[in-house]
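There are 2 protein chains.
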Amino acid sequence: MIRVAILGYGNIGRAAEQAIQSSPDMELAGVFHHNDCMNCIDADVVLVCTPTREVQKFATLLAARGICTVDSFDIHGQIWSLRSAMDTVCKTGKAVSIISAGWDPGSDSMVRALLMALAPKGLTYTNFGPGRSMGHTVAAKAVQGVKNALSMTIPLGTGIHRRMVYIELEQGADFKEVEAAILKDDYFAHDETHVIAVDSVDALNNVAHGVNLVRNGVSGETHNQRFEFNMAINNPALTGQVMVSCARAAIRLKERGEYGAKTMIELAPIDLLPGTTEELVRALV
Amino acid sequence: MIRVAILGYGNIGRAAEQAIQSSPDMELAGVFHHNDCMNCIDADVVLVCTPTREVQKFATLLAARGICTVDSFDIHGQIWSLRSAMDTVCKTGKAVSIISAGWDPGSDSMVRALLMALAPKGLTYTNFGPGRSMGHTVAAKAVQGVKNALSMTIPLGTGIHRRMVYIELEQGADFKEVEAAILKDDYFAHDETHVIAVDSVDALNNVAHGVNLVRNGVSGETHNQRFEFNMAINNPALTGQVMVSCARAAIRLKERGEYGAKTMIELAPIDLLPGTTEELVRALV
Chain A
7 MIRVAILGYG
17 NIGRAAEQAI
27 QSSPDMELAG
37 VFHHNDCMNC
47 IDADVVLVCT
57 PTREVQKFAT
67 LLAARGICTV
77 DSFDIHGQIW
87 SLRSAMDTVC
97 KTGKAVSIIS
107 AGWDPGSDSM
117 VRALLMALAP
127 KGLTYTNFGP
137 GRSMGHTVAA
147 KAVQGVKNAL
157 SMTIPLGTGI
167 HRRMVYIELE
177 QGADFKEVEA
187 AILKDDYFAH
197 DETHVIAVDS
207 VDALNNVAHG
217 VNLVRNGVSG
227 ETHNQRFEFN
237 MAINNPALTG
247 QVMVSCARAA
257 IRLKERGEYG
267 AKTMIELAPI
277 DLLPGTTEEL
287 VRALV
Chain B
7 MIRVAILGYG
17 NIGRAAEQAI
27 QSSPDMELAG
37 VFHHNDCMNC
47 IDADVVLVCT
57 PTREVQKFAT
67 LLAARGICTV
77 DSFDIHGQIW
87 SLRSAMDTVC
97 KTGKAVSIIS
107 AGWDPGSDSM
117 VRALLMALAP
127 KGLTYTNFGP
137 GRSMGHTVAA
147 KAVQGVKNAL
157 SMTIPLGTGI
167 HRRMVYIELE
177 QGADFKEVEA
187 AILKDDYFAH
197 DETHVIAVDS
207 VDALNNVAHG
217 VNLVRNGVSG
227 ETHNQRFEFN
237 MAINNPALTG
247 QVMVSCARAA
257 IRLKERGEYG
267 AKTMIELAPI
277 DLLPGTTEEL
287 VRALV
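Chains A and B, in that order, give the protein sequences.
Mapping to my numbering: the first sequence position 107 is 113, numbers consecutive.
Mapping to my numbering: the second sequence position 54 is 60, numbers consecutive.
Watch out, some of these pointers could steer you wrong.
As the list claims (entries may be wrong) - Dumping the calculated SDA-like pairs for lysine to any residue here, alpha-carbon to alpha-carbon at most 20 Å:
#1 Lys127(B) to Pro30(A)
#2 Lys127(B) to Pro280(A)
#3 Lys127(A) to Arg262(B)
#4 Lys100(A) to Arg262(B)
#5 Lys127(B) to Glu285(A)
#6 Lys127(B) to Ser28(A)
#7 Lys127(B) to Asn236(A)
#8 Lys127(A) to Arg20(B)
#9 Lys127(B) to Thr283(A)
By construction, these hints were calculated from the structure, which means they are not laboratory data.
Model, not experiment: these values are computed from the prediction.
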């Protein structure tokens, strides 16, 4: 049995706990507050379910001690930097870290890479939502004067999105100042963003999300090869499940001595699944 | 540059040639008739584009001499047996063979494995077509009394398919005998199959094909997670491209000393693509 610990117990930590309990080859090694990070060192692998900007600190502490980690770090522009830093730590500590293991970045990245291999020339568009962006919601909540927030992602086609940010203000907070702070945050600065004050964010809350990932490309010299991947999912449940499946991959890589940090496009799908190679090839190929 | 040879020059061999010519990191090492198999040993990797039932013979000859091979062997029930046999040959010969590298088995298998990791409980249905099945068409053509054939796959939903087999008879052939021979062939015996005599198969021919791969499953304890993968493609063009992308993966694995036979679910998507890890992580994750 793979002993899996959870560090951080928000939406994703709770969903990951359920995914561990549902896995035939895993047992829960504990759920820890990030202040108790070092209690995780009993585990084979730790799911770092802290806010994304604290992932590197905790993953580094654990991987340096040979503990595998999985995170769902979701700031696209900083993934290579995280991978580089964690790769060094992991190779020294003889650990494996699977980074940015959610659905995007994560499983969508695997689909994008596969579609590129099927039709190397062409355009891929990843259209998100409608649905709550967990990263954007956390970023909006972190703005001073915001009591509660919900950031909805609205697909406008060809990979363009609108952000609808619903906020409850702290008493005495100035809407215009809060709005300006949100609009200049790196999470929001590049998209059309609307900030709307509401009485109750709870009344709007729904963790449903979706993706429509489209590629029209060229295989060899043949044009108009069309591919589409759609999901309509509970967001934290999927993220938690992806992290748990990647925990299994981390252990497989460690057992093979393949220490280092990996993103999901660097993983073979078979390593995400319980069972023997023969069982999985017979069932899935 | 990776030197890639093609063994067998039918629909897939021709499409593979175009995919090699379009690849920035490859050059064509030659196109060979299967009688000249040993002329391929100058290549780094050979695409075995012979009929599926001759794949193992040629792949074995090459891999035993340390030449990597890629095939699109498509008899689902015999894939594990091919993998086992080729794995032994490859480990002795220090080669890598990627087997069953088409779109199904092949890239669809990767999608099925990924969806299983995203929602471990539930049902996946792979619905093919409408489109010509190359494997089934070759099998129908091989039946005595058949001058030309086209086997169309018609999706009936929930993974159930009808086979519409259009045949031109050889002069003097008996339709009822030919029909009986087709219906008992292992390619057709398990599906609803209709054999129809026509004057001209050429008049019907179209290499378009498609897939609708659907999974509704459970992530952790959360039900109703919905996933769908659709393609509408030129069939030999996609198969040729997949084989060429897998040729790249074969060389990567060989360079890392990971000798043996692999199906596509055992490959990381990144290994299918040209470019460095940094370039690909930055572009696709």
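Holds or violated: Lys127(B) to Asn236(A), with C-alpha atoms at most 20 Å apart:
holds (18 Å)
Pair hint outcome, Lys127(B) versus Thr283(A) [Cα-Cα no greater than 20 Å]
Judged against 20 Å, a Cα distance of about 19 Å means the pair holds.
Lys127(A) and Arg262(B): Cα distance at most 20 Å?
violated (28 Å)
So if I understand the rule, the pair passes when the alpha-carbon distance is 20 Å or less; does Lys100(A) with Arg262(B) pass?
Given that 20 Å is the threshold and the Cα spacing comes to 19 Å, the pair holds.
Given pair status - Arg20(B), Lys127(A), alpha carbons within 20 Å:
Holds, at about 19 Å.
Can you confirm whether the C-alpha distance between Lys127(B) and Pro30(A) stays at or below 20 Å?
holds (12 Å)
Hint check: Lys127(B) vs Ser28(A), CA-CA at most 20 Å. Holds or violated?
holds (9 Å)
Given hint Pro280(A) paired with Lys127(B) - CA-CA distance at most 20 Å
holds (12 Å)
Holds or violated: are the alpha carbons of Lys127(B) and Glu285(A) at most 20 Å from each other?
It holds: about 16 Å lies between the C-alpha atoms, which stays within 20 Å.
Violated hint: 3 only; the structure is consistent with all others.
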